[in-house]
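Trainee: One-letter residues, chain by chain:
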Amino acid sequence: MRNMEKYFDISYIWNSLPVLLPFLKVTFMVAGLSIVFGTFFGLILAVMKLGKSKIAQKTANFYTTILRCTPSIVLLFLVYYGVPALADNFGLYLHDLNTAVFVVITFTLQFAAIMSEVIRSAYESIEKGQFEAAVSVGLSPFQAYRRIIFPQALVVGLPNFGNGLIALLQEGSLAYTIGLIDIVGKANLIIAANYNTHALEIFIALAIVYWVLSILIEKFFGKLEKVFSKGKQTINTN
Amino acid sequence: MSEGLNYTFLIDTFFVALSGVPITLFVTIVALLVALPLGFLLALTRINQVPVLNWFSRIYVSFVRGTPIIIQIFIVYASVPLILSLFFNRYNININVYDINPIWYAFIVFSFSTTAILIEVFRSALSTVNKGQLEAAQSVGLSNFQAYRRIIIPQALVVAMPNICTATVNLIKATSLGYAMSLQEITLKAKVAANAGYNYVEAYIDIFLVYIILCSLVEYGFKLYEKRLRRYKYASA
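Respectively, the protein sequence lines represent chains A and B. The opening position of the first sequence corresponds to residue 1 in this note's numbering, with each subsequent residue numbered one higher. The opening position of the second sequence corresponds to residue 1001 in this note's numbering, with each subsequent residue numbered one higher.
Chain B with its partners taken away, still in its complex shape (with noise of 0.2 Å):
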């Protein structure tokens, strides 16, 4: 083993570890389309104490924050196949659950635990806009709507932002559990290119290396779009 690394390995697993990067960016984009509406909502249900959905949305964060990760891809992955197969049993459809596209366990997964993340972000974001703004808004003849839309949303948005940078780069960072589904993504297959070889030390080099390039960029998209959400705010150090 003592042999230092094995370089052309190394080169060859970057692009193979590189090869998995859409997989792991289409899991993160699923996962925030579906998460940004729904944990917004869910917020307003926290901030309007919206009876039976308030106390939904506080177990399911409180869940969420409080289990790991990767005990939650065990659960949906050990209970969504049984709960379809009894279905299509029942309705007589002839699909077989083992054959569906792990991507699909992917998406339930990383969407259920972006959305109490981004809850408890919305939550605090809006709770940081002054209840005035909203009066004002509708003082001036602005419907419920209009006002979020126009006067509270634009403010909220520009104190979430790096936390939901946080959540992204947390969700890009979740999907390299992504194994456990047998999903192809930036760990799984250079794993599996280093299994033939047993060069593990050169192709978790390389999975290092695309995560931190991945998670800088994103890092960097994201403060462009915080300073150009940030033009109208103005009195600012």
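Chain A on its own, in the form it takes in the complex (with noise of 0.2 Å):
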């Protein structure tokens, strides 16, 4: 048993947490700046899925089919080395732009799939009805997408929208891979400094930091659409 301690000491997680969650910082704000960003290419892929134009539908589909086949980790480094050199043709020099900027266009890219695809799904579960029944009583269109059609498809939506959110911080934790010193970058460098040894314990104060913020993100949008389902009325399934 002593020899396990010499190994394993619990202390180390209690010890890092203070030094760690600083830098869910960094996380929450590449995390924040891919939602807003994401959220709005989403809008404008979904409203292409849901559109007359075939062009439009084609491409939107291709788009999100493509990026749910890749892993972040390689969309992460073909952002990185790829978009610099993209811009050298243009004359322009990017290579020494801030990581957190290659962070966020990969994350951008990524959940703007997610997103169309729960703007879409949000949107197809209202009936046609509910806004020709709008517009029949004297709303304008854009009165009955506002009052009528967004506050029921939110409700639907934001199940998915919270469960992209886990995902995206999640996927986000692969960022340190590029050298962006978010918490798990610096967990990786806590390691280093201990010459690589009580690595364990600090993987496991990253773990709990993760799971907890999980739980909470899930316990929050629970709430949430008790909050905006006030108004809906369904039959009692439980």
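Worth flagging that the hints you see were computed from the coordinates, not collected in a lab. For each residue, glycine too, the CB sits at the ideal point set by N, CA and C. Misleading hints may appear alongside valid ones.
Okay, derived cross-link-like pairs now, SDA-like style, lysine to any residue, Cα gap no bigger than 25 Å in a straight line [to be verified]:
1. A:K54 - B:Y1220
2. B:K1223 - A:L50
3. A:K223 - A:V135
Cβ-to-Cβ under 8 Å is the rule here; a few derived chain A residues that face chain B [stated by the list, open to error]:
4. L97
5. V101
6. L206
7. Y210
Both chains are given apart, each in its own frame, so use the hints to dock them into the complex.
Mentor: Below, the structure written as structure tokens:
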């Protein structure tokens, strides 16, 4: 048992948490920007998928399929090496750009694909009659969307949005591979400073942070769903 | 860097990346072979509310879904050798833990995470099958096992198939993180080939293409199988 303590010391978990937690700021910043941009592009993609143009539909579906088939780490490196190389052709020098920019680009691309499906399925879950009824009582199409369609679609889309958020947060843990010092990057620095000993404790601390975060996000979206569905009446299936 | 792409390297490395496919598929298949039955059994413990196991599976699923897979890899890769070397020392088994093929760690990590995902997949699929189906099966004299095998599972499988497909594609994608365990799969092989001449853009384009081909084929295969499973299902629009 004494032999074990030499390798595994639980105090490393508690001692590393206060050092790690401030770096959540970087994780959140990168994730937050990706969510904002990703939701915006996801909305554009969803409009393309729902629109009448066959070419727009095909393009948007193709994009989603490709992104779904690409591992995050491959996309991350493709962006990290590919974007500056591509920019060279236009005479732009982007090799010194902050790594956070590449991370945000990667996860924006990925989150847009997720969001386009979330928005599309949420929109399609609302019956067409709802819009027609709203217009027939004198609402303008914009009002009908804002007051009738959107509030209903939001309730349907929320759980999927929450799952997308958790997925984004987890995939974001790969950003350390291109040198971003977020919480995972910091953990690796701590381990290196310890001469690669007690790595397990630090990784467990990381796992705890992510686990707690995911549970909090899940709980938060559960609450949010309840708030937004207050006007909804469905058959009680429980 | 702006000389454009190195096309000979691009083509050569495509085949290097392709040579990593067997390892990727091997890990994927082993993980699925472990995870499918185990996930199903644990899903049954959730549905039937088996006392201790029910809680165990809940925490297990929550952990796997709540933590990034790279961190699961880090933890397994840091802890398993530690535990094994203690075990080997105690029983005087003369095996060097650092000689163990990394593929074993890959089997452990990916089986571990896929089982958790499949517990949820099977749980939701089984809950879509009407309870009356089981009662009806029992009432005509089938045993519990027969009822599951012949009535419940075939129906639940149709519902579960799309999610199993997603889980498989995600698993294939996740094996790209095997580099952290120095597993010789698609990503690592192409990356090593790129190291010599800094041809990273070409290497990652190749890796990207290989994954797209692989995942599209898997998705197509699942679609065909799903059609076959659905053949008994009538009255669908």
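Trainee: Sort out whether Y1220 of chain B lies within 25 Å of K54 of chain A, counting only the CA atoms.
Mentor: holds (22 Å)
Trainee: Below or equal to 25 Å on CA atoms is what counts here, so check K1223 of chain B against L50 of chain A.
Mentor: This hinted pair holds, its Cα atoms lying about 23 Å apart.
Trainee: Close enough to count: is the Cβ of L206 of chain A nearer than 8 Å to one in chain B?
Mentor: L206 of chain A check passes; min Cβ-Cβ to chain B is 5 Å, inside 8 Å.
Trainee: Going by Cβ atoms only, is L97 of chain A closer than 8 Å to chain B?
Mentor: Hint on L97 of chain A: violated, closest Cβ of chain B at ~14 Å, above 8 Å.
Trainee: Does Y210 of chain A pass the interface hint, meaning its C-beta sits closer than 8 Å to a C-beta of chain B?
Mentor: holds (5 Å)
Trainee: Would you mind confirming whether the straight-line C-alpha gap from K223 of chain A to V135 of chain A stays at or under 25 Å?
Mentor: violated (32 Å)
Trainee: Hold the hint about V101 of chain A up to the distance rule: shortest CB distance to chain B must be less than 8 Å.
Mentor: Result: violated, 17 Å to nearest chain B Cβ.
Checked against the numbered hints given earlier, the structure breaks hints 3, 4, 5 and satisfies all the rest.
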